[in-house]
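Q: The primary structure of each chain is shown beneath.
2 protein chains.
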Amino acid sequence: MPLFMDVHSLGDGVTMDDVAKAHAADLATQGEHDVNYLRYWVDEQAGQIFCLVEAPNAEAANTVHRDAHGLVADRIFAVQEGS
Amino acid sequence: MPLFMDVHSLGDGVTMDDVAKAHAADLATQGEHDVNYLRYWVDEQAGQIFCLVEAPNAEAANTVHRDAHGLVADRIFAVQEGS
Numbered sequence: 001m002p003l004f005m006d007v008h009s010l011g012d013g014v015t016m017d018d019v020a021k022a023h024a025a026d027l028a029t030q031g032e033h034d035v036n037y038l039r040y041w042v043d044e045q046a047g048q049i050f051c052l053v054e055a056p057n058a059e060a061a062n063t064v065h066r067d068a069h070g071l072v073a074d075r076i077f078a079v080q081e082g083s
Numbered sequence: 001m002p003l004f005m006d007v008h009s010l011g012d013g014v015t016m017d018d019v020a021k022a023h024a025a026d027l028a029t030q031g032e033h034d035v036n037y038l039r040y041w042v043d044e045q046a047g048q049i050f051c052l053v054e055a056p057n058a059e060a061a062n063t064v065h066r067d068a069h070g071l072v073a074d075r076i077f078a079v080q081e082g083s
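Line by line, the protein sequences give chains A and B.
With UniProt numbering applied, the first sequence has no gaps in its numbers, which climb one by one up to 83 at the end.
With UniProt numbering applied, the second sequence has no gaps in its numbers, which climb one by one up to 83 at the end.
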């Protein structure tokens, strides 16, 4: 399954709690799109979020965010993990 | 130990092999700076690299990149991992 890193640049700051709620909504939504949000990292002060996600394609990953909470990523990158 | 996600936006594309060599140089250098580069992800076509790193501070993480291969990150974010 292709791997993606998506990037949200909110600018205004964000709380771990708010992101956790959005992530829970992603997990509840992703199954029907064959998407698997794996891990995420948040810079609360900078309002920056990184989500690591397996998905058939970038649009499927974005669709989960859109359906779950409406906050789609600003950018999404097709990545490979180094070893 | 604080956690950071650093972002390299090379623009021109990059190969996994080249990034693996730079990462190996990071690992050989980091000990003296109390830094631990944990994982990294690469979008070869976009020339985008994400490095997850534990470090006492952002400057220490940057110093390892600078000493190891000179390719410092374009941005570095103080992150917490979600769960």
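These are calculated hints, taken from the structure and not from any lab test.
Here a beta-carbon is modelled for each residue, glycine too, at the ideal position from N, C-alpha and C.
Where hints are given, some of them may not hold.
[To be verified] A partial selection of chain B residues facing chain A, derived with a Cβ cut-off under 7 angstroms:
1) Ala-22
2) His-23
3) Leu-27
4) Tyr-40
5) Trp-41
6) Phe-50
7) Pro-56
8) Ala-58
9) Glu-59
10) Ala-60
11) Thr-63
12) Gln-80
[Claimed, not checked] Per label pair, the in silico range of CB-to-CB distance:
13) Ala-24(B) x His-69(A): 38 to 46 angstroms
14) Ala-20(B) x Asp-17(A): 24 to 32 angstroms
15) Arg-75(A) x Gly-31(B): 32 to 40 angstroms
16) Asp-12(B) x Asn-57(A): 17 to 25 angstroms
17) Asp-18(A) x Asp-67(B): 34 to 42 angstroms
18) Glu-32(B) x Asp-34(A): 43 to 51 angstroms
19) Gly-31(A) x Asp-67(B): 39 to 47 angstroms
[To be verified] Some chain A residues well away from chain B (every beta-carbon gap over 12 angstroms; in silico):
20) His-23
21) Thr-29
22) Ala-68
23) Leu-71
24) Glu-81
Q: Now look at each hint and say whether the structure bears it out.
A: Here's how the hints hold up against the structure:
1. Ala-22: The hint is violated - Ala-22(B) has no Cβ within 7 angstroms of chain A, the shortest such distance being about 10 angstroms.
2. His-23: Holds, about 6 angstroms.
3. Leu-27: Violated. Min distance 11 angstroms.
4. Tyr-40: At 4 angstroms from the nearest chain A Cβ, Tyr-40(B) passes the 7 angstroms test, so the hint holds.
5. Trp-41: 4 angstroms, holds
6. Phe-50: 6 angstroms, holds
7. Pro-56: 17 angstroms, violated
8. Ala-58: 11 angstroms, violated
9. Glu-59: 16 angstroms, violated
10. Ala-60: Since the shortest Cβ distance to chain A is 17 angstroms, the answer is violated.
11. Thr-63: Status violated, d = 20 angstroms.
12. Gln-80: Holds, because the Cβ-Cβ distance from Gln-80(B) to chain A comes to roughly 6 angstroms (cut-off 7 angstroms).
13. Ala-24(B) x His-69(A): 38 to 46 angstroms: 39 angstroms, holds
14. Ala-20(B) x Asp-17(A): 24 to 32 angstroms: Since Ala-20(B) and Asp-17(A) have Cβ atoms about 37 angstroms apart, the given range 24 to 32 angstroms is violated.
15. Arg-75(A) x Gly-31(B): 32 to 40 angstroms: 33 angstroms, holds
16. Asp-12(B) x Asn-57(A): 17 to 25 angstroms: Given about 24 angstroms between the Cβ atoms, the range holds.
17. Asp-18(A) x Asp-67(B): 34 to 42 angstroms: The hint (34 to 42 angstroms, Cβ to Cβ) holds, given that Asp-18(A) and Asp-67(B) are roughly 38 angstroms apart.
18. Glu-32(B) x Asp-34(A): 43 to 51 angstroms: Hint holds: Cβ distance 45 angstroms, inside 43 to 51 angstroms.
19. Gly-31(A) x Asp-67(B): 39 to 47 angstroms: 45 angstroms, holds
20. His-23: 6 angstroms, violated
21. Thr-29: At about 16 angstroms from chain B, Thr-29(A) clears the 12 angstroms cut-off, so the statement holds.
22. Ala-68: 14 angstroms, holds
23. Leu-71: The assertion about Leu-71(A) holds, with a minimum of 14 angstroms to chain B.
24. Glu-81: 5 angstroms, violated
In this structure, the earlier hints numbered 1, 3, 7, 8, 9, 10, 11, 14, 20, 24 are contradicted, and the remaining ones agree with it.
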